[in-house]
Structure formats: C-alpha cells, structure tokens
Amino acid sequence: MSKCEQQVSTSPSVLLFDHDPTSQAQFSQWFAELGWQLHSVGTRDQCLRAVDSRDFDIIITELTLGEMMIQSLRRVKPGQAVIAITSIGSVDEIVETLRSGATDVLQRPLTIQQVQAAVDRVLEVSRSTDRGYRRISRFVSEESVQYQATAGELVGFTVPLLPIEQLREAGRIDRNTKLRIQLAFQEALTNSIEHGALELLSPWKEELDGDGVDRYTRELRKRALDPSYASRNVCIGVQINKERLVIRISHEGVGFNSQIPLPRHGDLQSLAPYGRGIRIIYGTMDSVQFSDGGKCIEMIKYLQNSGGVNGA
Amino acid sequence: MEFPTEIQGEKGYITVSSDLDSEQSGEALRKAFNQVYDQGKRTIVLDLSQVQIINSYGIGKVLMCYKRLKSDNGVLMVKPLQGFVKETFELLMLDKILPTDQ
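Line order of the protein sequences matches chains C and Z. Numbers 1 to 312, taken from the numbering used here, label the letters of the first sequence in order. Numbers 1 to 102, taken from the numbering used here, label the letters of the second sequence in order.
Source of the hints: derived by calculation from the structure; they are not laboratory data. Watch out, some of these pointers could steer you wrong.
What the hints assert, rightly or not - Restricting the straight-line Cα-Cα distance to at most 25 Å, the calculated cross-link-like pairs of lysine to any residue (SDA-like) are:
(1) Z/86 x C/286
(2) C/178 x Z/84
(3) C/222 x Z/23
(4) Z/86 x C/160
(5) Z/31 x Z/81
(6) C/205 x Z/97
Build the full structure now, drawing on both the sequences and the hints.
Shown next, in the form of structure tokens:
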C-alpha cells in the first residue's frame, strides 16, 4: 500500500515488535519524548493481527525474531516500511536483512537520536513518491546488487536499482535514460512475477466483470496470496562496469514465450492491452536475451550507446 | 486515490495526478473516466503533465479508455505530452492515435 495515499500527519504511526519488556519500555519513553505514537506487541501473532487491523507508517522489529517475520509482514502488507534492529551487525548480516525486505537496519546499542533519524529517513523515502520508492544505499555494493524474494513478496513492491541511481548521479546517463532503464527493468520484473511465477495470462486483461474489474487483476490478487504461486522465487542481479549495465532476472514457474509477435511499427490496429511491456524493454536496452526456456532474461545497456535494440 | 475531472462544453477533462504504474492509479483512472463518460461526454482529454512514470499497465488502462470511446464514435485526446511520458508514447506509437488538445 502506498503510504503517500494516506493523510499522513507529521507524527508517524509506529508498531514495535519486541519480546523484551525493557526494550519496549525504552522505546515507549523515547517516543513519548518525541511526541510520536507507538504501539508495542510482544508476540508474532499479536504483530500480524495489529498489522492486519490497521495501517502503520513503520514497523520496528528485533531481528533475532527472524527474517521470516519480515517476510510474513511483507505478505500481509507488501511495501510496508520495516526497520530491523540487530545486536550483531556484520555487513553480511545487514545485507541479508535488507534482502529479506527490511527498509533499514539499526545496530544496538541505540540512542533516541539514532531512532529518530532512522524513522525520519524511512518516512521521507516512503512519502517521497506515490510508488513508495525505497533506498538501501548504505549497505549495498556500488557495482552490483543481488536480490532474491518470492513472487508474493514482490507484488506491488518497487525494487530499488541503486547502480542506476549512481550512474545518474555520476552523470553517465541522463534523467530520461535512467527512467527508461528503470521502466524496462520494472516491465521485465513484472513479466517474471506475473506471467512467469503467478502464471497470469495477458488476454485476461480484456475480460471484465460487472464491476469493470478485469480477470487479470482479480487473479493477480488471489495468486499473490496463494502459496502454490506466491512462494516461487524471483532472482534479480544488476551489475555495472565501465562499459555496460547488465540486468538479469530469473524466476520459478513458466517461461516467457519470447517468440510471440511483437507489435510492429505502424501496427496500430492491434490494440490488445499486452505486448507493450516487451516493446518497452526492446526499445530501451541494447541487448535482450532469454534463456532457460524463457525463465531468465538478461538485458544489457551499453553505457556509451543510448539507442535501443530497434534503434529507437 | 482520485483524479480530478472537469466538464468544459462538450469535452470532459481528467487530470492524472500521479504516476500511472499501479493498480491504484489504474483504478483511479477507470473511475474518473466512468465519471466523465457517464455524464455523456464522448470527447475526453487526459492531462498527463503530472505523470513522471507510465508503464505498460498504465498504458493499457489509457488504451481501454481509447477503445471504449472509439466504439462509441468518441475521441480520447491528451494534453501536450512532455519528457519521459512523451518518449514512451512515441516509442509505442501512441502519439499517432491520441490527438493533442492544445
């Protein structure tokens, strides 16, 4: 759910999930000083019931309670901002925590200033756009990034592409190229998730019910919660070097049929509501290759070449 | 999420006030379109000046509006496009079928 769709007040609504009564008391004191709302729970069931019953701007969870908790939260509220707290804090653990879906990670011992800064930071990102774009820039390598998540966790979630942000900030690509690469990436990811893992069929977009909702949307909502589809893994890899940006996405499920006819130039009579995603991909990237029976796509953008596969 | 609509003479106007890349925005467009359509307007203009990102999902929703109007001898128009949205429309040749309302 997009947090920007709410009438967000300046006081964030925060849920704390922590077994330790001492830690709960400490956070309660801090939040009282900050004038912020805090709802505390001590068990997993209490946490999931609280999340299900109302919306929170942020959930703060103790990491020792398990990555599965973050993944469970994502299933209930895709896109939910989560701050994980850890006492160990190796780089590997922090990266893994971020991969599991946390928006930010804090290491104990904490101060009120650190908690306030983290909440402000996460809120700023959550509220910055209607898509709830999230950054994990502090802990991810500048040259490559790897994600793995289930299809159910990724539905409705915008995966950040930090290497592309850094290319833009370094002036190696302009704003529009950045947006087009992000869009091509998101289209390819959507194909993997929706057509590959969730096995949704494009013609369903034209089958409307009495309320004007198409079958594709109805099935998307159902299968995003159906473990037989939603538990399938989707893997994303992004690498950059001096010459090229490489994006690979692979998924469990059915393969994409890369042999289907693409909308041709001038083929304006074919206005089916599908096929444009792949055209956006081909029109943006310099190389597009499918493998593993269509379950893996590799897209390359040469950083000295701004044209697409079709020279668009 | 709701998109503002306005009637000016024979035309209905819809201001798309967010990115068109999600179910929420697609649903908002559908409702705004129905609101104007149900008032009998068959020339409908989309103002996409506030849209930064439009993906295939959003384009699909725009084209559903186009097809519904076309089947009723109506016209879907757009306010002058710019930036990334303009590039995307040109890539998909949608600028050939959606006239501009100046």
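Results for each hint:
| no. | hint | verdict |
| --- | --- | --- |
| 1 | Z/86 x C/286 | 21 Å, holds |
| 2 | C/178 x Z/84 | 10 Å, holds |
| 3 | C/222 x Z/23 | 14 Å, holds |
| 4 | Z/86 x C/160 | 24 Å, holds |
| 5 | Z/31 x Z/81 | 22 Å, holds |
| 6 | C/205 x Z/97 | 21 Å, holds |
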